[in-house]
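Work out the full structure, taking the sequences as your base and the hints as a guide.
Line order of the protein sequences matches chains A and B. If you're matching positions, the first sequence starts at 5 in our numbering and goes up one per residue. If you're matching positions, the second sequence starts at 5 in our numbering and goes up one per residue.
Simulated from the structure, these hints should not be mistaken for laboratory data. Be aware that a few hints might be false.
To be verified - Rough simulated footprint, nothing fancy, chain A against chain B, three-plus residues with beta-carbon under 8 Å:
hint, region
1, 42-51
2, 88-101
3, 110-123
4, 130-143
5, 173-185
6, 246-259
7, 266-280
What the hints assert, rightly or not - Derived, one-sided and incomplete: chain A residues facing chain B with beta-carbon distance under 8 Å:
hint, residue
8, S148
9, K150
10, R185
11, T270
12, F330
13, L334
14, P335
To be verified - The calculated DSS-like cross-link candidates involving lysine-lysine, where the alpha carbons are at most 25 Å apart (straight line), are:
hint, chain 1, residue 1, chain 2, residue 2
15, A, K235, B, K207
16, B, K207, B, K255
17, A, K6, B, K323
18, B, K292, A, K207
19, B, K287, A, K6
20, B, K339, A, K236
21, B, K255, B, K323
22, A, K6, B, K6
23, B, K323, B, K287
24, A, K6, B, K322
25, B, K295, B, K322
26, A, K207, B, K235
27, B, K323, B, K292
28, B, K97, B, K49
29, B, K6, A, K235
30, B, K6, A, K233
31, B, K49, A, K339
32, B, K322, A, K233
33, A, K255, A, K150
34, A, K207, A, K236
35, B, K207, A, K6
36, A, K339, B, K287
37, A, K207, B, K233
38, A, K236, B, K207
39, B, K287, B, K207
40, A, K49, B, K339
We put the CB at the ideal spot given by N, CA and C, even for glycine.
Residues per chain are reported as follows:
There are 2 protein chains.
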Amino acid sequence: MKKLMNDPLQFVDETISGILKAYPFHLRLTKESPRGLVRADAPVKGKVAICTGGGSGHIPLFLGYVGPGLLDGVSIGNVFASPSADTMLAVTKEVNGGAGVLYLFGNYSGDTMNFEMAAEMASMEDIPVQSSVAADDVASAPASQKERRRGIAGIFFAYKIAGAKADTMANLDEVKAAADRVIANTCTMGVALSPCTIPAVGKPNFTIAEDEMEIGMGIHGEPGIERTKLKKADEVAAIMAERVINDLPFKSGDEAAMLMNGLGATPPEELFILSSKVHDILKAHGIKVYKTFVGEYATSMEMAGASLSLLRLDDEFKKLLDAPAFSPFLPQWRKS
Amino acid sequence: MKKLMNDPLQFVDETISGILKAYPFHLRLTKESPRGLVRADAPVKGKVAICTGGGSGHIPLFLGYVGPGLLDGVSIGNVFASPSADTMLAVTKEVNGGAGVLYLFGNYSGDTMNFEMAAEMASMEDIPVQSSVAADDVASAPASQKERRRGIAGIFFAYKIAGAKADTMANLDEVKAAADRVIANTCTMGVALSPCTIPAVGKPNFTIAEDEMEIGMGIHGEPGIERTKLKKADEVAAIMAERVINDLPFKSGDEAAMLMNGLGATPPEELFILSSKVHDILKAHGIKVYKTFVGEYATSMEMAGASLSLLRLDDEFKKLLDAPAFSPFLPQWRKS
Numbered sequence: 005m006k007k008l009m010n011d012p013l014q015f016v017d018e019t020i021s022g023i024l025k026a027y028p029f030h031l032r033l034t035k036e037s038p039r040g041l042v043r044a045d046a047p048v049k050g051k052v053a054i055c056t057g058g059g060s061g062h063i064p065l066f067l068g069y070v071g072p073g074l075l076d077g078v079s080i081g082n083v084f085a086s087p088s089a090d091t092m093l094a095v096t097k098e099v100n101g102g103a104g105v106l107y108l109f110g111n112y113s114g115d116t117m118n119f120e121m122a123a124e125m126a127s128m129e130d131i132p133v134q135s136s137v138a139a140d141d142v143a144s145a146p147a148s149q150k151e152r153r154r155g156i157a158g159i160f161f162a163y164k165i166a167g168a169k170a171d172t173m174a175n176l177d178e179v180k181a182a183a184d185r186v187i188a189n190t191c192t193m194g195v196a197l198s199p200c201t202i203p204a205v206g207k208p209n210f211t212i213a214e215d216e217m218e219i220g221m222g223i224h225g226e227p228g229i230e231r232t233k234l235k236k237a238d239e240v241a242a243i244m245a246e247r248v249i250n251d252l253p254f255k256s257g258d259e260a261a262m263l264m265n266g267l268g269a270t271p272p273e274e275l276f277i278l279s280s281k282v283h284d285i286l287k288a289h290g291i292k293v294y295k296t297f298v299g300e301y302a303t304s305m306e307m308a309g310a311s312l313s314l315l316r317l318d319d320e321f322k323k324l325l326d327a328p329a330f331s332p333f334l335p336q337w338r339k340s
Numbered sequence: 005m006k007k008l009m010n011d012p013l014q015f016v017d018e019t020i021s022g023i024l025k026a027y028p029f030h031l032r033l034t035k036e037s038p039r040g041l042v043r044a045d046a047p048v049k050g051k052v053a054i055c056t057g058g059g060s061g062h063i064p065l066f067l068g069y070v071g072p073g074l075l076d077g078v079s080i081g082n083v084f085a086s087p088s089a090d091t092m093l094a095v096t097k098e099v100n101g102g103a104g105v106l107y108l109f110g111n112y113s114g115d116t117m118n119f120e121m122a123a124e125m126a127s128m129e130d131i132p133v134q135s136s137v138a139a140d141d142v143a144s145a146p147a148s149q150k151e152r153r154r155g156i157a158g159i160f161f162a163y164k165i166a167g168a169k170a171d172t173m174a175n176l177d178e179v180k181a182a183a184d185r186v187i188a189n190t191c192t193m194g195v196a197l198s199p200c201t202i203p204a205v206g207k208p209n210f211t212i213a214e215d216e217m218e219i220g221m222g223i224h225g226e227p228g229i230e231r232t233k234l235k236k237a238d239e240v241a242a243i244m245a246e247r248v249i250n251d252l253p254f255k256s257g258d259e260a261a262m263l264m265n266g267l268g269a270t271p272p273e274e275l276f277i278l279s280s281k282v283h284d285i286l287k288a289h290g291i292k293v294y295k296t297f298v299g300e301y302a303t304s305m306e307m308a309g310a311s312l313s314l315l316r317l318d319d320e321f322k323k324l325l326d327a328p329a330f331s332p333f334l335p336q337w338r339k340s
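Below is the structure:
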């Protein structure tokens, strides 16, 4: 296991410590949990607060999405493991600005269970909480069973748009509705070329031959839909794009935002080769790309691979996607 | 070789094609070379233009540093190979806004030779050109032979500060002086844990055992100063920090900007574990960190490893480091 680390059991806490030293202007720890991070200026009075959380090992997921125009707080689990409900409650209390709290997280059973528990505890403290669960991975279950789908990189769009919606001082129902509408209009499909190693486990989370790839694999190495010989980038782009387009389905005349996400070890050069072909395919389908995001938005430590997410846009989404936001964990964006 | 690509010989051109489709508002090709990219709004009239260039495989180096507040144009070579002087001349002509052009690039013989040739050709077209050569890698030659040192991630500071200086409408001598002063005050030291594969070569650029690392290795796999057993993050951070601090040397009372750069496959989590320890070491030395940058600023495709760069600051540098700049290839920054 080749990792630049100290004690595997301290991996997450040492990461958090480094983050707080690097960006003290941006984030602070919650008083009640060393695994809760909130905006340095939390709570923002009168604004709906948005919280997320999940396992470590996915930066910028999840903590990288806390910031102005984005989320207010995050609960941090061990690598690939859910954070605790106690941490979620600690975060909830410190971000609540009096307008309630939206939990916006990916569809994994541990996270769902703990966020439900935290919501109950919060309601006992008279903090209104609602939840939106991202489930964008089209490879993880058929469209008829969307509630079984995992949440992967497409949650970025929900974070960005719900965060911008909350910044308009919309109420909790309206922010949740925006998040849910993004989730309903986002599809993602990924491929993996190599595994990663959880520090405390010490060996790769799956094995894959030197000439193979897995289509539809999850960001924790969950089985995909097909293991094949390594394909050319254009074929991989076509598999991802056609599956995503047909799922919603996206139609000719639609406008979309596109995210080509790298899982960790895949260089930006390869992401641009993939996104180049996806642009061509979308154009052939009559789908207009309003805005393109290329880079690492949801990783799996040192896994090699990529995922394509598409969000179907309307005028409100475009405005909210272009609204200002800041996090030092994310690439620079510009208004379209 | 596990890469998401098509034809290895088209790797660079397909990358450029993907970039132009993703960010058409940001960059455009030069008319005379398919390997020259300039700001979409080039030339900026009356402003000193800054050009860089180098081999592919290092994104965001080099093309990711073109943008408002940064550079004006870039020449793109094959993977790990210098761009041509002809491309450099094409870029020079399209970015020249009448105030002359600064070539700011890393110290590699092929790049130096071609930029010198381009400067001669530009002077024949009455475009004044000066050059600044970054040589920040303290492991590549002793301090007494700085002119032999390679340029690596520390060039980021020169790009940022020279770009901001040019934005003040300073003249060519002043912009070059700022770049040279950054270069003289920047030191970098890196470590590598795994190799990468040049697409057209098809095999890793070096071999290293599963339990080994190389200290001081260059970003193309150039030999470092020591190959050792894999060390803990805190030891690696200390080796990098002590070497960098002692080189300039940085002294108690100095203010510094710090860059913890990932080479490609190393996850952000590990970079923060390293930077956490570097913060502690700098504090113990009485060196104050004004601003911290953590992320991928100079990569080697899928190499695992990291480098630490420190820039000694003064008031002008702080102001210029905080000036606005934009590139979709770089992490979001905020004014200190």
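Status of the hints after comparison with the structure:
1. 42-51: It is violated: at least three residues are needed, and the region 42-51 of chain B offers just 0 whose Cβ sits closer than 8 Å to chain A.
2. 88-101: violated (count 0)
3. 110-123: With 0 residues in contact (Cβ-Cβ under 8 Å with chain A), the coverage given for the region 110-123 of chain B is violated.
4. 130-143: As far as the region 130-143 of chain B goes, the hint is violated, because 0 residues have Cβ atoms under 8 Å from chain A.
5. 173-185: Coverage by chain A is violated for the region 173-185 of chain B (0 residues, Cβ < 8 Å).
6. 246-259: violated (count 0)
7. 266-280: With 13 residues close enough to chain A, the hint holds.
8. S148: 30 Å, violated
9. K150: 28 Å, violated
10. R185: Violated. Min distance 25 Å.
11. T270: At about 6 Å, which falls below the 8 Å cut-off, the nearest Cβ of chain B leaves the hint on A/T270 intact, so it holds.
12. F330: 6 Å, holds
13. L334: 5 Å, holds
14. P335: 6 Å, holds
15. A/K235 x B/K207: 18 Å, holds
16. B/K207 x B/K255: With Cα atoms ~43 Å apart, B/K207 and B/K255 exceed 25 Å; violated.
17. A/K6 x B/K323: 39 Å, violated
18. B/K292 x A/K207: Given pair B/K292, A/K207 is violated - Cα atoms ~39 Å apart, limit 25 Å.
19. B/K287 x A/K6: 28 Å, violated
20. B/K339 x A/K236: 42 Å, violated
21. B/K255 x B/K323: Distance of about 21 Å is within 25 Å: holds.
22. A/K6 x B/K6: Roughly 19 Å between the alpha carbons, so the hint for A/K6 and B/K6 holds.
23. B/K323 x B/K287: Distance of about 23 Å is within 25 Å: holds.
24. A/K6 x B/K322: Violated, because 36 Å separates the two Cα atoms, which is more than 25 Å.
25. B/K295 x B/K322: Answer holds: B/K295 to B/K322 is near 9 Å, not above 25 Å.
26. A/K207 x B/K235: Answer holds: A/K207 to B/K235 is near 18 Å, not above 25 Å.
27. B/K323 x B/K292: 16 Å, holds
28. B/K97 x B/K49: 13 Å, holds
29. B/K6 x A/K235: Roughly 10 Å between the alpha carbons, so the hint for B/K6 and A/K235 holds.
30. B/K6 x A/K233: Holds, at roughly 11 Å.
31. B/K49 x A/K339: 24 Å, holds
32. B/K322 x A/K233: 51 Å, violated
33. A/K255 x A/K150: 20 Å, holds
34. A/K207 x A/K236: 28 Å, violated
35. B/K207 x A/K6: 20 Å, holds
36. A/K339 x B/K287: Measuring from Cα to Cα gives roughly 39 Å; hence the hint is violated.
37. A/K207 x B/K233: Distance ~18 Å between A/K207 and B/K233 Cα, so the pair holds.
38. A/K236 x B/K207: 17 Å, holds
39. B/K287 x B/K207: 42 Å, violated
40. A/K49 x B/K339: The hint holds at about 24 Å.
In this structure, the earlier hints numbered 1, 2, 3, 4, 5, 6, 8, 9, 10, 16, 17, 18, 19, 20, 24, 32, 34, 36 and 39 are contradicted, and the remaining ones agree with it.
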